[in-house]
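Sequences are here, hints too, so could you generate the full structure?
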Amino acid sequence: MHDSVTESLNPAADLDQSAAEKSTDVPGPRSGSAPGSSRASGALGASDASGASDPRRSPAHDSDFLRAARREPVSRTPVWFMRQAGRALPEYKKVRTGIPMLDACLRPDLVTEITLQPVRRYGVDAAVLYSDIVVPLKAIGVEVEIVPNVGPVIAHPVRDLSGLDQIRPLDPATDLAFATEAVRQLVGELGSTPLIGFGGAPFTVASYLIEGGPSKNHEKTKAMMLGAPELFAALMDRLADLTAGFMRVQVEAGASVVQLFDSWAGALSPRDYERYVMPHSAKVLDSLADLGVPRIHFGVGTGELLPLMAAAGADVVGVDWRVPLDEASRRIGPDYAVQGNLDPSVMFAPWPVIETRVREVLDEGSRTPGHIFNLGHGVTPDMDPDRLARVVELVHEASAR
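Oh and the sequence shown: position 162 is 162 in full-length UniProt numbering, straight run, nothing missing.
Simulated from the structure, these hints should not be mistaken for lab results.
Do not rely on the hints blindly, as some may be mistaken.
What the hints assert, rightly or not - 20 Å max Cα-Cα, derived EDC-like pairs, lysine to aspartate or glutamate:
#: 1; residue 1: 93; residue 2: 384
#: 2; residue 1: 93; residue 2: 175
#: 3; residue 1: 138; residue 2: 189
#: 4; residue 1: 93; residue 2: 382
#: 5; residue 1: 93; residue 2: 132
#: 6; residue 1: 138; residue 2: 91
#: 7; residue 1: 138; residue 2: 181
#: 8; residue 1: 93; residue 2: 72
#: 9; residue 1: 138; residue 2: 103
#: 10; residue 1: 94; residue 2: 113
#: 11; residue 1: 216; residue 2: 181
#: 12; residue 1: 138; residue 2: 109
#: 13; residue 1: 94; residue 2: 386
Below is the structure:
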């Protein structure tokens, strides 16, 4: 394994030891609560101490999307697609011509337009903020770029104590003013359509920072996690604060729901996830509990982690295509809604195959306490937008109560 990650470390170095201790302080399974409780919808007044609006007064509060997230009866199964904003849409490519992705994410006018495009074209039941999980890193000055056909690339990977200095505390008013403005614009445009805010889970963001970019096996990340747990915990703790701050700003500006993306969590065993990662994801989700909006927790290849991801503080658990929704619901219990989970590759099959698979997902979802239809991962750039629109129409028609 990559010894360069750990050779320069002194385990007794001047780290925040409390951060290291958090790597073994694992929250137990959370007790369930009825729809409308503080877990799902918040027992808030007109505003909380931070000034966030009461989500129950939002025009989107009684939408099928938020009702499904709260495990309440719906008129039809709500549907949206991860990565629906951008990628496959020609109108997206047109407005982003000559503009690097991260630059577009920092411009409220572009964020607003790109976020609205799939709502107009597909008729989905929720918008998702056009952004990226590394946007908070960019906002605090980390040198990161999204390289076409590669992904996020970090100029100075975090491999030792000095690397932690890049992850300074977030100043929301200064660092995230662009996000606040974009969300406020969108909420005004969307009306009763919910806006999903999101952030990257600490482990997935840490992997990019440690590896320096995308990684298939996450060798350097796991080497630090296992060989330098104090450093790893300190990094994860800072990233938890960063992501929590980013997501909180979105909700306080008007987002109706949030999703924590942990794209790389499936690379971990349940034991390592529970010991080294879960406490930090729980910190993010718990920090949002007082805002009273549903929290979705999603990862890829996480079938064996689903109960832990639920217990970390989710209201809705995102499921990829590898586990049937009714089986996923059995694993996590009746106190959580589920989201998913059509295999994205099915979108390239003949339409009769797509229709059959969509109906199968709806059937499995009907046997869960609450279901939000989605792909099992994100929209890919070469998906046919017309097929995605047909899927939305099919979901709505086939699931009408």
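**Q.** Holds or violated: residue 138 to residue 181, with C-alpha atoms at most 20 Å apart
**A.** Given pair residue 138, residue 181 holds - Cα atoms ~17 Å apart, limit 20 Å.
Q | Proposed proximity, residue 103 with residue 138 (alpha carbon, max 20 Å) | A | holds (10 Å)
Q) Is residue 94 close enough to residue 113, meaning Cα to Cα at most 20 Å? A) holds (11 Å)
Q) Is it true that the CA of residue 138 sits at most 20 Å from the CA of residue 189? A) violated (27 Å)
(Q) Need the status of pair residue 93, residue 382: alpha-carbon distance at most 20 Å? (A) holds (12 Å)
Q) Hey, residue 94 versus residue 386, does the alpha-carbon distance stay inside 20 Å? A) holds (18 Å)
Q.
Against the 20 Å threshold, does the CA-CA distance of residue 93 and residue 72 hold or violate the hint?
A. Roughly 38 Å separates the two Cα atoms, so the pair is violated.
Q. Keeping to a limit of 20 Å between CA atoms, is the pair of residue 93 and residue 384 held or broken?
A. holds (14 Å)
Q) Going straight from one Cα to the other, do residue 216 and residue 181 come out at no more than 20 Å? A) violated (36 Å)
Q: Could you grab the alpha-carbon distance between residue 93 and residue 175 and see if it respects the 20 Å cut-off?
A: violated (27 Å)
(Q) Checking one constraint from the list: CA of residue 93 to CA of residue 132, max 20 Å. Satisfied? (A) Given pair residue 93, residue 132 holds - Cα atoms ~17 Å apart, limit 20 Å.
Q. Is residue 138 close enough to residue 91, meaning Cα to Cα at most 20 Å?
A. violated (26 Å)
This entry does not satisfy hints 2, 3, 6, 8 and 11, going by the numbered hints stated previously.
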